[in-house]
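These protein sequence lines are chains A and B, in that order.
Quick note: the first sequence uses the working numbering, first residue 14, plus one each step.
Quick note: the second sequence uses the working numbering, first residue 14, plus one each step.
What the hints contain is simulated information worked out from the structure, not anything from laboratory work.
Be aware that one or more of the hints could be misleading.
What the hints assert, rightly or not - With a cut-off of at most 27 Å between alpha-carbon atoms, the simulated DSSO-like pairs for lysine-lysine come out as follows:
1) B:192 x A:38
2) B:89 x A:25
3) B:25 x A:38
4) A:192 x A:210
5) A:25 x B:25
6) B:192 x B:89
There are 2 protein chains.
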Amino acid sequence: MAVITPSRRVRKTPFSPGVEAAGVKAYTAYNHMLLPTMFESVEADAAHLKRHVQVWDVSCERQVEIRGPDALRLMKLISPRDMDRMEADQCYYVPTVDARGGMLNDPVTIKLADDHYWMSVADGDLWQYALGIATALGLEVEIGEPDVSPLAVQGPKADELMARVFGDAVREIRFFRYKRLPFEGRDFVVARSGWSKQGGYEIYVEGADYGMPLWNALFGAGLDLNVRAGCPNNIERIESGLLSFGSDMRRENTPYECGLGRFCNSPEPYIGKAALAEQAAHGPDRIIRPIVIEGDIGACTESWPLVDGSRWVGQVASAVWSPEFGVNVAIGMVEKSHWTPGTRIELQTEHGPRMAVVQDKFWR
Amino acid sequence: MAVITPSRRVRKTPFSPGVEAAGVKAYTAYNHMLLPTMFESVEADAAHLKRHVQVWDVSCERQVEIRGPDALRLMKLISPRDMDRMEADQCYYVPTVDARGGMLNDPVTIKLADDHYWMSVADGDLWQYALGIATALGLEVEIGEPDVSPLAVQGPKADELMARVFGDAVREIRFFRYKRLPFEGRDFVVARSGWSKQGGYEIYVEGADYGMPLWNALFGAGLDLNVRAGCPNNIERIESGLLSFGSDMRRENTPYECGLGRFCNSPEPYIGKAALAEQAAHGPDRIIRPIVIEGDIGACTESWPLVDGSRWVGQVASAVWSPEFGVNVAIGMVEKSHWTPGTRIELQTEHGPRMAVVQDKFWR
Chain A
14 MAVITPSRRV
24 RKTPFSPGVE
34 AAGVKAYTAY
44 NHMLLPTMFE
54 SVEADAAHLK
64 RHVQVWDVSC
74 ERQVEIRGPD
84 ALRLMKLISP
94 RDMDRMEADQ
104 CYYVPTVDAR
114 GGMLNDPVTI
124 KLADDHYWMS
134 VADGDLWQYA
144 LGIATALGLE
154 VEIGEPDVSP
164 LAVQGPKADE
174 LMARVFGDAV
184 REIRFFRYKR
194 LPFEGRDFVV
204 ARSGWSKQGG
214 YEIYVEGADY
224 GMPLWNALFG
234 AGLDLNVRAG
244 CPNNIERIES
254 GLLSFGSDMR
264 RENTPYECGL
274 GRFCNSPEPY
284 IGKAALAEQA
294 AHGPDRIIRP
304 IVIEGDIGAC
314 TESWPLVDGS
324 RWVGQVASAV
334 WSPEFGVNVA
344 IGMVEKSHWT
354 PGTRIELQTE
364 HGPRMAVVQD
374 KFWR
Chain B
14 MAVITPSRRV
24 RKTPFSPGVE
34 AAGVKAYTAY
44 NHMLLPTMFE
54 SVEADAAHLK
64 RHVQVWDVSC
74 ERQVEIRGPD
84 ALRLMKLISP
94 RDMDRMEADQ
104 CYYVPTVDAR
114 GGMLNDPVTI
124 KLADDHYWMS
134 VADGDLWQYA
144 LGIATALGLE
154 VEIGEPDVSP
164 LAVQGPKADE
174 LMARVFGDAV
184 REIRFFRYKR
194 LPFEGRDFVV
204 ARSGWSKQGG
214 YEIYVEGADY
224 GMPLWNALFG
234 AGLDLNVRAG
244 CPNNIERIES
254 GLLSFGSDMR
264 RENTPYECGL
274 GRFCNSPEPY
284 IGKAALAEQA
294 AHGPDRIIRP
304 IVIEGDIGAC
314 TESWPLVDGS
324 RWVGQVASAV
334 WSPEFGVNVA
344 IGMVEKSHWT
354 PGTRIELQTE
364 HGPRMAVVQD
374 KFWR
């Protein structure tokens, strides 16, 4: 396997010294930044995550900052979600779409003030889309990428570890809500969120200089909790049905196809609303489904077609062996003709044909 | 060094089987795609490139396709360059900017027809900016990413190799011009361009299925020319003063700072024109300069500050040992106070302080 070449263009993060010292074995690049993908092994990392607590360098969840008198107006244009209902301490999952309803990104949006938002983006320069719209309409907003690097603390012991560093106030944070909590004299946004279903937090570390002190504080406080460096885990996230934008869903997909229709509830004439009206009324023609793949599978590094004879009926773009559930767990986009749970479909992988079986629900 | 984890999100290319078979040792990610960075070693790859001919998988130079009745109108909005002067077979280097004149990308634009352009982009989702503007203004254009994967043929023997595969017509292609030339019954855009100064071509391979047949045809025809798989080479490109968007220049820089002022000649009121007027008249306050760094340097994987006492006077973001010129060659962005050739400036690297010396010109 080839190594990754770091550069200023594919940036290191404020936590890179900690990540390297912890023995990171693999990276991906995400939003022009390094994102660890493995420490011990994906299997061992998953098992540890489910029992203990991990600290994840997810700096690559860059923030698109939208700030100014027209911030809410811009948010209402690009968000299918009803921004007027958003409360001051809330995190909103927002599947942003183009004029045809095709997904552009799926950020978690944080409202810092009525005229100030952060969109914590998946892999893609959504700020360029926002900037294009704001520029063309002459909106009074600043759009940029602030010096904010999220650090996730995930796993069943996350509450205990976070309480030791940020105080018991963290325990009161509700799911997809945040509090501003102090660390070394600075207040950070601390949200109950993160890309696992093991529970935990994301700390929006504002100011790169605070990165390693916070990293060290968490590791120093968590020795007896068996805290380790971790990262978004490909086994746990597929078992949990957490979708990866760019792999499981892309611009050719609508939020309805991705099971995200409930987030398209804005009463405003947002961009893409008219295009989504048909699917809002009658549902999509294809949908994300959990899939079990029979037999041995190799690494899933590209889109695997689901076929019925010579007809394309969907694809799988994430698949991995799950030691916990004893099957190959996968995420597929499946056409209506084949999406009934129990349907068996031929899957064309780069390692040969396999049989895929549509499931009723994800594993957690 | 950690390995890179491939996925559908960080895509393989139509040439990946050839690249892997050739023994690629390192990759970077570029436009959500794998880009090889090393085969034998960066030094050996550079030496070979300067003597023979290499085939480069630069599929990651994705095309932003702009097509439709308003295509030229959109191009005139986002291009500082005079699009009316562009001829039908021309490639235009276009430093695109935001409303403040900050660089968003530096694509090579190809005019396929009056209503049809490809922008071969550096690392960044420029299509999202174009889409935002087109959407907000209601322009009649389609903006997307076609199935086009550039393959570069670079080196002093590139003309000979290309003539064997595409015929002697390739020899008549002028610099930054293109011809449509047939391969296996399909016409491809073949341009005299590429990210080295060793001469050569870029073939815009339309249709992923043609990738490996063309790869194999080039290698089959070039055995006696010592053809090898290669990639943009960090030594050769720094010696040549070829700038990497994202490393050497970013949104905080204007085209004038990057020595690209001559490409800002549009008579139209393009976005950013007003902001650039001051620099157009009086020049920038900092500029890209060739730099020699004294002593041993380690890998340059981040931005190294140039300092005068406690004052920041620029930075270096690309630096490497040049066996040919016997110095550490580097690219810096240097403030006016220190940009005179011969100026010695302290450079703060992650490996300790070094002395940087401003040069008059790049090495070729």
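Hints, one by one, checked against the model:
Proposed proximity of residue 192 (chain B) and residue 38 (chain A) is contradicted: the alpha carbons are some 45 Å apart, above 27 Å. Of the pairs offered as hints, the one joining residue 89 (chain B) and residue 25 (chain A) is violated, with about 36 Å between alpha carbons and a cut-off of 27 Å exceeded. With a C-alpha separation of about 20 Å, the suggested pairing of residue 25 (chain B) with residue 38 (chain A) holds against the 27 Å cut-off. As the CA atoms of residue 192 (chain A) and residue 210 (chain A) are separated by approximately 20 Å, the hinted pair is consistent with the 27 Å bound.
At roughly 23 Å between alpha-carbon atoms, residue 25 (chain A) and residue 25 (chain B) fall within 27 Å of each other, so this suggested pair holds. At roughly 24 Å between alpha-carbon atoms, residue 192 (chain B) and residue 89 (chain B) fall within 27 Å of each other, so this suggested pair holds.
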